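Asks: So the chains spell out like this:
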Amino acid sequence: MADYSSSSIPVPFDMDRPILPDLEANRAALNEVLNDCADAVLHPFATGDGRAALLIYICGLSDKAQLEKMAMEPLIRMSSEADGSLSAIARKLPIADLHEATAIRELIEGLFVGMPCLLVDGQACGLIMNMADWEKRGIDEPMAESVVRGPREGFGESLDVNMSLMRRRLRTPDFKMKTMTVGRLTRTRVVVCYIQSVAKDSLVQEVLSRLSRIDTDGVLESANIEELIQDSTLSPFPQLLSTERPDVCAASLMEGKAMLMIEGTPFALIAPTSLFALLQSPEDYYQRFMMGTVIRWLRYTFFLLALLFPSLYVAILTYHQEMVPTTLLLSIAKSREDIPFPALVEALLMEVSFEALREAGVRLPKQVGSAVSIVGALVIGQAATAAGLVSPPMVMVVALTGIASFMIPHYSVGISVRLLRFPVMLLAGFLGLLGLMLGVIALVIHLASLRSFGEPYLVFFRRGARHAWKDTLIRAPSWALGERPATAQKANADRQSMRNRPTPQKEGG
Amino acid sequence: MIEAVLGRVAGRAAGILFLLFHLHIGGATIRDYSEFISGNFFQRTPILVITASMLLVCAMVVKSGVETIARCAQIFMPAVLALLLINVVLLIPDMDITEMLPILGNGPLPVVKGIFVVQGWFCQFVLITFLLPYVEGDKANRAGYWSVAAAAATMVLINLTVLFLFGIDASQFYYPFLMASRYIRVADFIEHVEAMVMASWVLGTFVRISLFLLRCDRGSGILHRGQSRKAVRLSCGIAADRVRILGRPQHAGAAELYLDLGKYVYHDGIYCLSCVSRLDRDRSQRDGKIIALLLCAYLI
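Protein sequence lines, in the order shown, are assigned to chains H and Z.
If you read the first sequence in my numbering, its first letter stands for residue 1, the second for the next number, and so on.
If you read the second sequence in my numbering, its first letter stands for residue 1, the second for the next number, and so on.
What the hints contain is simulated information worked out from the structure, not anything from laboratory work.
The structure displayed is predicted, hence computed values, not measured ones.
Check before you lean on any hint, since a few could be wrong.
Stated by the list, open to error - Quick list of simulated restraints, FRET-style, between CB atoms:
| # | chain 1 | residue 1 | chain 2 | residue 2 | range |
| --- | --- | --- | --- | --- | --- |
| 1 | H | GLN205 | Z | GLY114 | 55 to 61 Å |
| 2 | H | SER335 | Z | TYR145 | 44 to 50 Å |
| 3 | H | SER232 | Z | PRO46 | 30 to 36 Å |
| 4 | H | MET498 | Z | ARG142 | 25 to 31 Å |
Each residue gets a CB set at the ideal place from its N, CA and C atoms; glycine is no exception.
Extracted from the complex, chain Z is given alone in its bound form (with noise of 0.2 Å):
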């Protein structure tokens, strides 16, 4: 698409950059994740596997397809509605609406300010671009709209509850929601609930990396014209992991992530050749050496 739009060079080059922007959004989103279930929940576990483990499950679904992951997603996101609305009922005695004001105390240029941050999460729905090839008809623009707005009211639930909840303090949590779900007691038998919070992170987190993956996977795979795509779905999930590191202040950022996109723009260097050069006719074990140099790769 971008190719009939760029031409040859400039458009791969934008497909590329695309990508790139793509699997830094996939690390980001996964580096969050394991930050927040190694921080709150499972202090003594090495991150690799809390993230590994969740790659390992993308990289599963990843492999059988867009289908599964849509049928995933429709079995998770009852779930993590239900945990979540389980979780705002369940705070509604201790909320306090007068927290709300006062409204537009400070005219609306904080409100705007806001705004911004919140375009962080919004952005990630430029993955359903990506879809749209495989919805029939036009209904996609229907249900683009409908998961539009029900993002936006789901965080507009949210936020509320944190705000009535905590009011001016609610700036004070990194996770106010999961402060909030330990506020919840109930009837002496439900109590301390965060492990709600944490399974509708899973889910949701889940089906968002898997999307990611995926986008990386079907765009290095059609840059590779459609060549088969088991290293690369390695790679992907590699290349995202290492992503991740990013951004943690000790690591002090951009050269390790440019080393490690390096990484993965050499080992899908190394798989192109491959493919070019045919070498290994067998398609399964030239997948097999790519993976072991993958790994030799990734350990170094």
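This is chain H alone, in the form it adopts within the complex (with noise of 0.2 Å):
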């Protein structure tokens, strides 16, 4: 098998060919590697001692202007008597991050990244320059995890930003970020993150080696790298959390997580997950503990219900009805007597066509968006009753759950519990409550084999862990999560000091 790794590029050519003292040969050389690169400029030009030189980049990944300034100028007025080779080039030149390349490989990686190159007749080597700068997007409020209280700030699609938007939360020197390049094609520069002291390091070994097992294409978002990287590959859970905020990297990194950001999408991962982190908010934490584990539990709960709720309703209404009060049952018989079909086919009816408005809603145009939830509120509440379709009590059963969907706060889960509600239903509708009990099970010993880089997916309690309940059950007051989780390392367990509650100062004391 060829290893794609040291031989990424596929172009024709010897990339491993030294740089030479001729500059004609490494022209040629040059010429021939990026025939047909319409956005390379190769840029003859003299040195002040009369060497020919020259200057290589891509039009729009480097800064033009710094370029003339700082490489060009100082080389064109270079003296006569000054010392020739590169090196003491490199020594003079008013720039602050170059190094010299020696094969034509590290040349064209480097000019690919945005480091402009110069080669200079008779070295045998050229000067790379970082003055890596394009136009990107600003810094934005995250789109898909907004909060009322918290940071507004949001990764972008630039690496070199979103790295420093992590080490502006980090300002340690334990806070690791180890570059790899994935994709044959696209080559992406994913970045693992840890923080040294806190994360085990077999995890950190565990996530390079399973990045570096990728050999792909192409990486254009970290849901390539995601399915390239899970512990089950048939699951419908993500087993890795994707987030596009900042300071829930950071609480996760200081949580012995490791995480990694790949160039070109905001959205970075976080490994090893667990179903209860990927139904916390960040907001959870910063409002009042008590609010944050009243919300929690509402979320919680609601999760079950956006999962059992038209299943639950299923099969109450098919094989329980004894279980209803009385008076609802007379007046849920009432609506449901003009309806044509069973309660199973009226949910999965209903259920369906809120599937397909959301995702009409999310697909379109964002002037057209409101147009859509305004027609979708009429079909599936107002019409499908007036028709007779779906009998009123469903057109409620299906909005909470809706709304119970929207109330997870990763859109990953939300969408997986969104596509298990199917199936538990039809269960709902062939067995009733048991069969709901049934799919239950299955799904619980589904989440319960499930693992996430080695860790338990369904953790809350266990053993080594015993103060897991304190950040899941409930969400406990700042003084007291003393205790990191069972991802970290066991030898930096403790988080802060245990005398952190503010307590009044003893008069004298």
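Build the complex from these two chains, which are given one at a time in their own frames, with help from the hints.
Replies: Here it is, written out as structure tokens:
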């Protein structure tokens, strides 16, 4: 098998060819590689001491004005008495980040990440200058994860900006970022971040080894990577947490998790994760702990509701009518009198059209989106009942389920819950509450056997993590969250001093 | 283990006996469960559907191993407990504590007799022995005592609830706690909560049956010297399903049981043979063939 990680650019050219002292030969070689690359510029000029030089850069990836001022100008003004070797030149250029390259490969790879290269006649190496600068979107508020109170910065598409966002939150050399390149054609930069003294070494190694196993054409979004490094490939549940919030990432890193940032997407991946982490919102920690706890429980309840409410309705109306209080049963029966379908069909009909409506609303341009929701609300609510297709209670069930599924803070889990609703609904239609129970059992079995980077997925209480309940069952006050979760190194389990709880100072003490 | 104590042949025989015993209890549990569900909730559903669906999820969890069972139990135990406690609490208004009197009215003998019935449930704790190798350190001892105590406490609680509610009539019902739950009516909103009882039955039985199946599965795996167990798992399930039939009046017992156990042994025999002869190098292919064989045998 070919080792693509080292010979990744599929061009019929020997990339490991060294840079020769003969500038013309180098130029010919580069012309061959960069043939038909309209954005590559090979600019020949003469240095102050009369030697031929060549500046190579990619339009739009580097700051041209800086390049002219910092690299070309000093060279052209160079006096002929000065030491002409490339390393001597490098010392005199007012550029903060430059290094020498001896092979064409280094040069080319640098070129495409925005590092212009300088070749001088008679020198068997090139000078690579980091002047990467391109047009990028500014730092925006994260679209998919908004908070009322909390930082409003979100990741952008530019990896360097994202790295700086993280570094600004973790100003310690303990916070490590390792770069890798993934994708035969896209050559996407992927950064593995972790805190050395907190994250388990085995986790970091595992992440790195899984990443290095990837051999694919392209990585355009973190989802491409997620699918290639997750534990269970055939699970409806996301096994990595994706987020565009730097604060969420920093918090996870301090719990000993590892994080992946991918060039070109604002979504970072956090591994390992658990179902409970996916059901948490950063705002749980930014508001008072009682509210956080209550909201968390509300979310858990509605998570179950989003999964089970239509099935429960179908099961009870089809098999267990005696459970409904008599008056309610009568009113439901009255409203269902003209409905031609059994409850299961009714539920499926409504849920499917609701999902279609949601998808249409997401996909359409914003201006049309509102029209869709108005029409959809009319179709699902008013018209369907008026036409006698569905009963009003069913509309309510669907609406509540919809709200419940929107309460799940991470979209990826919301999607899996929406998907799983349908098989459970069918089971409830066939076996009533028993079917529903069996569906839940099967789901729990799956969740219980699921692992995310070796850590159990369904974890709120386990050996070695006796304090996990403080951050899953409730949101304990900050001063009580003294221990890191089991994802962190055992040796560094203390998150903070145990005396953080504010207490009045004793007089004279 | 047993082989080390009793010697090869006797040990193996004892092991098989022990396994068959577990198979029997597992079958009885499934039968209890199926009859409870089909008798009280799904009268018109074929009992096979109820049994098979439960065995299916149990086989699923046995496939994932002991850790998954433990995690499932961890999730379900609070749910079962909560359901039972809610039931008991909601029944408090209807309870009459004087039903308990007279205490020891006929001397201690009836109580001692009663103990023997309850032993039937407690003897299932013998399953713990087989979990011991999976437990680190000496925590198993404490956990074992705790779980026996908890089971005893739950039983006392439920039996007292039923006694306080029905008094002497409690003995008239097959499923007194279910009957009790039918009494519940709170605020014209919560009534007929027998579905809660069903839920706790389903969850509890699931954990129990999976443990029995796991036991049989791993046990026969050991007897087969650690061979792949997909086929064994299925044959365990099927055999347990057949054992379930035992004790139904119309089947009049033993003959059917031994026939079925014969089948189980026979299936395993086939499996052993195929393992020994190694005709099929590919394990999954072999498993597939055996499963087909088993299904044929089951249909007979």
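Asks: A separate judgement is required for each hint: does it hold in the structure or not?
Replies: Hint-by-hint comparison with the structure:
Against the hinted window of 55 to 61 Å, the Cβ-Cβ separation of GLN205 (chain H) and GLY114 (chain Z) comes to about 60 Å, which satisfies the hint. In this structure the hint that SER335 (chain H) and TYR145 (chain Z) lie 44 to 50 Å apart at CB is violated, the actual value being about 55 Å. Under the hint 30 to 36 Å, the C-beta atoms of SER232 (chain H) and PRO46 (chain Z), about 34 Å apart, fit the expected range. A hinted range of 25 to 31 Å holds for the C-beta pair MET498 (chain H) and ARG142 (chain Z), which are about 27 Å apart.
Against the hints set out earlier in the document, a violation occurs for number 2 only.
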